[in-house]
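J.: Residue numbers (the working numbering), protein chains in the order written: chain U, 13 to 283; chain A, 533 to 783.
Source of the hints: derived by calculation from the structure; they are not laboratory data.
Cβ atoms here follow ideal geometry from the backbone N, Cα and C, with glycine treated the same way.
Among the clues, some could well be false.
With a cut-off of at most 30 Å between alpha-carbon atoms, the simulated DSS-like pairs for lysine-lysine come out as follows [claimed, not checked]:
{"no.": "1", "chain 1": "U", "residue 1": "K156", "chain 2": "A", "residue 2": "K719"}
{"no.": "2", "chain 1": "U", "residue 1": "K219", "chain 2": "U", "residue 2": "K37"}
{"no.": "3", "chain 1": "A", "residue 1": "K760", "chain 2": "A", "residue 2": "K537"}
{"no.": "4", "chain 1": "U", "residue 1": "K76", "chain 2": "A", "residue 2": "K599"}
{"no.": "5", "chain 1": "A", "residue 1": "K584", "chain 2": "U", "residue 2": "K37"}
{"no.": "6", "chain 1": "A", "residue 1": "K649", "chain 2": "U", "residue 2": "K219"}
{"no.": "7", "chain 1": "A", "residue 1": "K550", "chain 2": "U", "residue 2": "K64"}
{"no.": "8", "chain 1": "U", "residue 1": "K37", "chain 2": "A", "residue 2": "K649"}
{"no.": "9", "chain 1": "A", "residue 1": "K584", "chain 2": "A", "residue 2": "K648"}
{"no.": "10", "chain 1": "U", "residue 1": "K37", "chain 2": "A", "residue 2": "K666"}
{"no.": "11", "chain 1": "A", "residue 1": "K610", "chain 2": "U", "residue 2": "K219"}
{"no.": "12", "chain 1": "A", "residue 1": "K537", "chain 2": "U", "residue 2": "K64"}
{"no.": "13", "chain 1": "A", "residue 1": "K648", "chain 2": "A", "residue 2": "K666"}
{"no.": "14", "chain 1": "U", "residue 1": "K156", "chain 2": "A", "residue 2": "K649"}
{"no.": "15", "chain 1": "A", "residue 1": "K666", "chain 2": "U", "residue 2": "K76"}
{"no.": "16", "chain 1": "A", "residue 1": "K760", "chain 2": "U", "residue 2": "K156"}
{"no.": "17", "chain 1": "A", "residue 1": "K648", "chain 2": "A", "residue 2": "K550"}
{"no.": "18", "chain 1": "A", "residue 1": "K719", "chain 2": "U", "residue 2": "K64"}
{"no.": "19", "chain 1": "A", "residue 1": "K666", "chain 2": "U", "residue 2": "K156"}
{"no.": "20", "chain 1": "A", "residue 1": "K648", "chain 2": "U", "residue 2": "K219"}
{"no.": "21", "chain 1": "U", "residue 1": "K134", "chain 2": "A", "residue 2": "K666"}
{"no.": "22", "chain 1": "A", "residue 1": "K649", "chain 2": "U", "residue 2": "K64"}
{"no.": "23", "chain 1": "A", "residue 1": "K760", "chain 2": "A", "residue 2": "K610"}
{"no.": "24", "chain 1": "U", "residue 1": "K76", "chain 2": "A", "residue 2": "K649"}
{"no.": "25", "chain 1": "A", "residue 1": "K649", "chain 2": "A", "residue 2": "K599"}
{"no.": "26", "chain 1": "U", "residue 1": "K219", "chain 2": "U", "residue 2": "K76"}
{"no.": "27", "chain 1": "U", "residue 1": "K37", "chain 2": "U", "residue 2": "K101"}
Covered stretches of chain A, going by a simulated chain U footprint (3 or more residues, C-beta under 8 Å) [as the list claims (entries may be wrong)]:
{"no.": "28", "segment": "664 to 675"}
{"no.": "29", "segment": "706 to 712"}
Cβ-Cβ distance ranges computed for the label pairs, FRET-style [said to hold, decoys possible]:
{"no.": "30", "chain 1": "U", "residue 1": "W26", "chain 2": "A", "residue 2": "Q589", "range": "52 to 58 Å"}
{"no.": "31", "chain 1": "U", "residue 1": "H200", "chain 2": "A", "residue 2": "R637", "range": "55 to 61 Å"}
{"no.": "32", "chain 1": "U", "residue 1": "L49", "chain 2": "A", "residue 2": "P644", "range": "51 to 57 Å"}
{"no.": "33", "chain 1": "U", "residue 1": "F46", "chain 2": "A", "residue 2": "E596", "range": "27 to 33 Å"}
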Amino acid sequence: MILGERLQSKAVLWPFEYLGGELIKVSTTLSRFFDYLSEMLITLMTPPFRFKEFVTQLYLIGYKSTPVILFSISFAATATILEYAFHMKLVIQTAALVPGFAALLVFRELGPVITAFLLTSKVGAGMNAELGTMQITEQVDALKLLSVDPMRYLVVPRFVATILSSVVIVIFADATCLFFEMVMSVRHLDYSWEGFLTAMNQFTQFKDFYLGLVKAAVFGAVIPTIACFYGFNTQPGAEGVGRSTTQSVVSNAVSIIIMDFILTYLFSYLY
Amino acid sequence: MLEVKNLTKRFGSQEVLKGISLAISEGEILFVLGRSGTGKSVLLKNIVGLLKPESGQILLEGREISKLSEEEYFEVRKMCGMVFQHPALFDSLTVYENVAFGLRRHFPGMTPEEVKKRVTECLDLVHLEGVEDKLPPQISYGMQKRVSLARTIAVEPRYLLFDEPTTGLDPVTTNAINRLISELSRKLNTTSIVVSHDMHCALEIADRIAVLDQGQLIALGTPSELLKSQVPLVKDFLAEITEEDRSRWLS
Numbered sequence: 013m014i015l016g017e018r019l020q021s022k023a024v025l026w027p028f029e030y031l032g033g034e035l036i037k038v039s040t041t042l043s044r045f046f047d048y049l050s051e052m053l054i055t056l057m058t059p060p061f062r063f064k065e066f067v068t069q070l071y072l073i074g075y076k077s078t079p080v081i082l083f084s085i086s087f088a089a090t091a092t093i094l095e096y097a098f099h100m101k102l103v104i105q106t107a108a109l110v111p112g113f114a115a116l117l118v119f120r121e122l123g124p125v126i127t128a129f130l131l132t133s134k135v136g137a138g139m140n141a142e143l144g145t146m147q148i149t150e151q152v153d154a155l156k157l158l159s160v161d162p163m164r165y166l167v168v169p170r171f172v173a174t175i176l177s178s179v180v181i182v183i184f185a186d187a188t189c190l191f192f193e194m195v196m197s198v199r200h201l202d203y204s205w206e207g208f209l210t211a212m213n214q215f216t217q218f219k220d221f222y223l224g225l226v227k228a229a230v231f232g233a234v235i236p237t238i239a240c241f242y243g244f245n246t247q248p249g250a251e252g253v254g255r256s257t258t259q260s261v262v263s264n265a266v267s268i269i270i271m272d273f274i275l276t277y278l279f280s281y282l283y
Numbered sequence: 533m534l535e536v537k538n539l540t541k542r543f544g545s546q547e548v549l550k551g552i553s554l555a556i557s558e559g560e561i562l563f564v565l566g567r568s569g570t571g572k573s574v575l576l577k578n579i580v581g582l583l584k585p586e587s588g589q590i591l592l593e594g595r596e597i598s599k600l601s602e603e604e605y606f607e608v609r610k611m612c613g614m615v616f617q618h619p620a621l622f623d624s625l626t627v628y629e630n631v632a633f634g635l636r637r638h639f640p641g642m643t644p645e646e647v648k649k650r651v652t653e654c655l656d657l658v659h660l661e662g663v664e665d666k667l668p669p670q671i672s673y674g675m676q677k678r679v680s681l682a683r684t685i686a687v688e689p690r691y692l693l694f695d696e697p698t699t700g701l702d703p704v705t706t707n708a709i710n711r712l713i714s715e716l717s718r719k720l721n722t723t724s725i726v727v728s729h730d731m732h733c734a735l736e737i738a739d740r741i742a743v744l745d746q747g748q749l750i751a752l753g754t755p756s757e758l759l760k761s762q763v764p765l766v767k768d769f770l771a772e773i774t775e776e777d778r779s780r781w782l783s
């Protein structure tokens, strides 16, 4: 009877205990994250800046990631223009608006967002696993013992290099997308090269392009910040590194989607 | 001189160090023994500022260092070198670059020739030759531990802290590393704290031995004093010591 009552009260309390526990976990993680973020921003704004590490990261993040991103995004661009053409022909019986809409989508969404997702999986996951392994094998402690600030040596160069790389890759990604959309339009929608560009110019403005670059810079800042945070908080063991990488990729993906919504909403006031 | 006074460290509700007090004189080799999870590594990490104690004091040459900021600690760490449980070598750097890494940070005025000379000296001290251009994963675990030791002594610290330096090594390499610790401490006249499970090695090279149990210091003394100890855990640790060795150390 007593056992039954205990089990009953446990069953009643369980959801509250669970929710309370989760709430404490989330608030602790957020508090740690904001401490880390403020430390990173202070370090970013104070000298010295580790230029050599920045150049290394620029090579690893920017140069090494560009081919795979451009390759992947070209398929996304061609799929988009085919979808647009199909639906516009179905609904308004013409493909005349396709280049304009497709270019708008490339500049404002497709270019920065797909690039950010690809950077998250290629660069963010790699950064997280690298820092996580350094953390659990005491390499981060060894850096501190050699009077090197891990924030300045590991995080800040990656942060600045990812922002710069993201912006440059998005410029190339936009150009690649437009090129493949143009090819698709000429081959399948009976457009001429000039006709595509003229139709595109009617709909797009220069600010569509640079607001896309602002998004690229913001996503470029989000990716290393989250990846390095989870890297520094990696628990020992292969499972710990795996869990940390998963958390980092998922948090980055969710943050990019939320930031995309916020920026799109803010930019809507500029039109 | 390094002094630890009433040091307490807690992780959540678990108290790992419960008021530890120790004093280590200049040039001394102190071994800290104890079962796993008794706070030995936590003690070392508190001394070098990788962890902050809840209460108590750490005095390095008379200066209280436990409340220093991370940047202020950088100065203290120039005096303290630590060899970690893992070799903790930077994977993307060669053996040479690993050893030179701290030198370039601590002595920015050193010329490349001086750095090279010092790196060669340190690798010689740990009996390593011809591995300068290799990456850490390309050499054995025992060699990585010795490179880690070379990197630590390269910056000429006055205090050397070893966190289980022989864990995961075969008996031959274990003996070699233990001999190295003794040789280096005597040659460089450094003050050393060695966290270990190896009572045999502690009796061989320590000036004094401290035994921790559940975050408390339960025994402290010279090897011959420890051999006469009646503390149950110390007796357990001494169980592996043969009578022959016991009488040799007592004499």
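J.: Sort out which numbered hints this structure fails and list those numbers smallest first.
T.: Violated: hints 2, 4, 6, 7, 8, 9, 10, 11, 12, 16, 17, 18, 20, 23, 24, 25, 27, 28, 29, 30 and 32.
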